[in-house]
Amino acid sequence: MDPAVGLDEVADVLIRDGVIVEIGQDLEMPKGVVVECAEKIVVPGLVDVHTHLREPGREDKETVESGTRAAAKGGFTAVCAMPNTDPICDTGSKVRFLVERARERGAVRVYPIGSLTSDSIGSSIAEIGDMIGEGAIGFSDDGRGVQDAGTMRRVMDYTKAFGTTVIAHCEDESLAGSGVVNEGEVSTKLGMSGWPAQAEELMVDRDVRLAELTGCRLHLAHLSTAGSVDIVRNAKARGVAVTAEATPHHLFLDETALLEPVSGRAYDTNLKMNPPLRTASDREALVAGLLDGTIDCVATDHAPHAPHEKALEFEVAPFGSTGLETALSLVITHLVGPGELDWAGLVRVMAHGPRAALGLPDVHLEPGAVADITVIDPEARVEVRADRFESHSRNSAFLGHNLLGKASETIVGGRIALRNGKVVD
Amino acid sequence: MLSTPNIIDIQDLTESDIITILDTAESFKEVNERRIKKLPTLRGRTIINLFLEPSTRTRTSFEIAAKRLSADAVNMTGSASATVKGESLRDTAQTLSAMACDLIVVRHKYAGAPRVLAECMDAHVINGGDGRHQHPTQALLDLFTIRQELGHLEGLTVGIVGDIANSRVAGSLIPALRAVGARPIVIAPPTLLPARPDVLGAEVSYSLDDVLPDLDVAYMLRIQMERSEGMPFPSLREYARFYGMNAARLAKARPEMKVMHPGPMNRGVEVSSDVADSPRAIVLDQVNSGVAVRMATMYLLLGGGDSGTAS
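Protein chains in written order, with this note's numbering: chain S, 1 to 425; chain D, 426 to 736.
One thing to keep in mind: the hints can contain errors.
[As the list claims (entries may be wrong)] From the structure, some residues in chain D lie toward chain S, with a derived Cβ separation under 10 Å:
id, residue
1, 513
2, 533
3, 540
4, 555
5, 596
6, 620
7, 621
8, 647
9, 649
If you are wondering where the hints come from, they were derived from the structure by calculation, not from laboratory data.
It should be emphasised that the depicted structure is a prediction, and the values quoted were computed from it without experimental measurement.
Note that beta-carbon positions come from the ideal geometry of N, C-alpha and C, so glycine has one too.
If we strip away everything but chain D, and leave its shape as in the complex, we get (with noise of 0.2 Å):
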């Protein structure tokens, strides 16, 4: 169990609560391998995703998550904000909580709507992704992915390279970082650092080849030129030969560092081909990682075992 019925900000959770997260999502990992792929644990729940920015990555991996537990999961999704419609979050809320559903995943274009959402209904809430600011079960999968690679997390740099603005990955994956005892560095121009990473948890650095060296994973971070004012760097070359990863970058890293990125990856861009195709990049497990995390947070947030009862 965990300590908070929601989880909507990576800080949400103790460190307690993370590490039984990524320790249930390993026993899911293994129900992931198997041919039949599915457990009856939340039979007769009802999951609705609802996804009111233009998302399909992560919303099949909830999706998948969500039926492979054997919940009802429905998708509702919207090309943006339910306000387009006039229709306000709350009026949102109070119509899926007269659906009498068990979990709403939500993702959305503003800051803070998961938040509004969860402080109207009963149902539990996951953020699926808000704005530029929180994407937890991005960062838990991301842990998850990196304990599974390296073998611990402790005491590990993870450098997060490129668009910390306008990242709500980034939002989540640095205090996750810092509440699992690894040291984050947030690495980028100064035009794409928000005003005070500090106060997430973060060392900055300007210079990718300074800190190269140092690091245990390279976090590169999706340029996200729609959510961005005016052009942040004079070119997409100039940005990839400042803060792109390539194999002469690589070369001079630590042999086993990880490049990760939370897709979909601009290639040439913040990873050359030829490194997004090599070993050191973990890309994929990232994404295979993110059904396991997911079933999880949803195992644990609905009670897992007592779903067969009558509540």
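Next up, chain S with everything else stripped away, as it sits in the complex (with noise of 0.2 Å):
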């Protein structure tokens, strides 16, 4: 199954080389090794764009290697990491560590994404030229907003040059302050300060607006509110080069959540994440916009916590979810299942659209192109349970929950890395 280039098939895939050589009906090659894929469905590797590896400097939280087994496990044949780690990645030789150390321990590829400001403190521009020859794919401060609109108005003019995309974390630090959860009924009934969805949507239109003003390519991480959905909408509208994402916790949690969590541990801190879960509506905004293409793709924000942080007390938890190893099953059951998003469209904003956010090359199931390969499984039963994640954390949001559908193989120019459901050593 492939929407982009109209496959829609019962058909073999003979792949050589890692190269995709053959589709079509009876294919063999002599001594070849058959991946039986009866009752699945195949499709172009997924990507995601937005993961937190950890390495190098909170190895105990994930590596490289335990990131990328988790990817594996979850279907993805690509991530791309985020450079908050510490040291943050900000310059060229940091970048080439991570790209070394995924050549060497990686079991899906990885993408680096560079820090956009010289340590993430958003002041100066960091050496994206130079980030960009070590193999950096775009920039990001995420984890915390350029909160000064004359900064990156200079540091999108300058990238631009590079034809990068600039990856916004849209957090205005003077609203969201203090808060930890989304502002309003739940915050009022929990006792903790709020993080106001005008704390993000005012980021989100100054960043399209600077967009506009400086041409440079833009793509809005994790996107949590209908207004910021809504800003969006319009400025594709106009043909601002801006692309988004949502993570699964946002399209299919709300902050309701936190007030009766599935794991019935009051003040799961595993529901707490930066952005907050915000209200019902947002989250059917942001599956709207998914649906209609607002949102170009489903992004995780793998966030690895080890367990005594997420231990502490809610206000002083860490933020985040891990999400690689339960993304796809999360789609499958909450859009494919009940019929809102074909399997065309769980491609569209899984394979096609993330690549096409982050201008990586694109990947066709078509002769001649990179074996990069998801297969799903489509009727397989999931339960999140923390023993069996392939990441060294647990903090999933969605422990408890039962999912329906996975990924059985992943394989990732032409090598296995999962295989019947197992992340292949």
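Using the hints, build the complex out of the two chains.
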């Protein structure tokens, strides 16, 4: 199945030396390896454009190896690694470290995202050209937004020359303050500081306007509000070169999950993320935006954290949920299963959409294409359990959820990284 | 007996629980007026006052309450959260569980900590105030005091004035008043209101003078500058001008209206000194009720009468 090339049939896919050589009926290759895919769906490899691999610096939470194994488990043939490691990935040599580490230990492809500003503190432009030279594919201060509009404009102006993408974390810190949950009903009931939707929307609007001013390609990370979706929809209608992502937790959970967590644990810190879970109507607007193409792709914002950190009080525990190993199952369960999205739509939002958003080489199911392929078992039953993760971390917002469908095979450049649902060592 | 093993959120309690606590507190109040203020009721039971945020008044009130019931009361205090020492709340809970205590009173800097503690241990938990969230025993002692002064609760209009956004007292008092049929109105500048005061069950007014004639009680909250992000009003002087209780305002209120404050008061800000020292202010009655009400919560949670058995 690949809507980009009009492929939707039961067929064999012949792969040799990492490349698809033929798609058709009853294909055979002497001494070849057969992967039986009856009742399964073969799609171009999924890509996550928003992953935190934590290496270097917090290898207890995740490493390139464990994070890419988690990606393979989740059906992703590539991940884009955010730069907020320790140290921050803000120079060419640090990008090179990641590229080399991924080559040695990566179960799937790793595309480095470099820091937009030096040390991600939002003041001076990082060595963007140098990082591109070493393999960076986009730039972001993710984890923080660039607060100063003048700095953001300068960075976007500079970045434009390289034809690369600025990925914006949209959060006005003067408004979000010490907010840890969405400002509104739940923040009032739980007695915690609120992070209002407008703190995101102001920055989404600002960055869209700066993209218009500078002509720099802009990708908006983890949108969480209905207002943000509207701003992007209007911008796209005007022809602004902007793309956007939404995470499974913002698409499939809302703030009321905090009042009655599936985990049964009050003040469940696995539900603390930045931006926070929003209202049911925000959630619905995100889904509508994903379905109508306003939001280009699903991105996990896979954010592994150590158990002792997530065991802290909600107000001081770190933000984030893991996501690589649940994203595909969640999209199938909540969108494909109920008929809101067809399989071609899933390929759009998880394979082609992410590549297009960050300008990654496209992968089609056609002869001559690189064999980055995900095989989906649409009927598999998945119980999200802490003891079943490849990730070093367990902080999933979806622990205890029962889901439908998962990846059974992940093939990266012809190499089988996941087989029968098990990561190949 | 109560319908809940813990008192963490005022909404853990049914209306009947609240009335049971208030009625039980009546009898303990009488004990507190005796020369020998001690009952053997909780002899052999261990109560830990885990105060991980500075407090003297509330901690002392709980400690006196426990001792008057003959429980072994131990104070554990920390300068801040135990997390400073790298110990998680769950570790703290397990440590206290291992000491086999019967009841934990917990005051914590962060919302939700008492709930997390209760989930991790068998002992009963009373929330002595968590972050900006809840302070249920304060709400109970306030209801007790209002009932004592005005004779009933149902139908009363209670204005809660001031720093609602940062107030765990308001977080508990608003639902408590609703539960007993009273009408809470929060009165504050918008900068001191939470996002959705309506979900707690309160009406909202920005003008104390507008609603003053309706009030049976003016409940003045302490301005908590330490919890606020950015100055929420231009000056304390301007705040006092619009939201402070003073003699001129008192003259325009109903003659039977009472002035309350959870303490400690910023005299001249929330309440002028002449009002604070007048008979209309029942702040010390609140403190006095506090001991009786806390005795009632401990007694009811720990099953009171059967404390003499080996269980």
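Tested hints:
With its C-beta approaching chain S no nearer than about 4 Å, residue 513/D sits inside the 10 Å limit, and its interface hint holds. Evaluation of the residue 533/D hint against chain S yields a held restraint, the C-beta minimum of about 7 Å falling below 10 Å. Interface restraint check for residue 540/D: the shortest CB-CB distance to chain S comes to about 4 Å, inside 10 Å, so the restraint holds. A cut of 10 Å between beta carbons decides the hint on residue 555/D: the least distance to chain S is about 7 Å, and the hint holds.
Annotation: interface hint on residue 596/D holds; nearest CB of chain S at approximately 5 Å, less than 10 Å. Hint status for residue 620/D: holds, given a least beta-carbon distance of 5 Å to chain S, under 10 Å. Taking 10 Å as the C-beta contact cut-off toward chain S, the hint placing residue 621/D at the interface holds, the least distance being around 4 Å. Taking 10 Å as the C-beta cut-off, the interface hint given for residue 647/D is violated, the closest approach to chain S being about 16 Å.
Hint status for residue 649/D: violated, given a least beta-carbon distance of 13 Å to chain S, over 10 Å.
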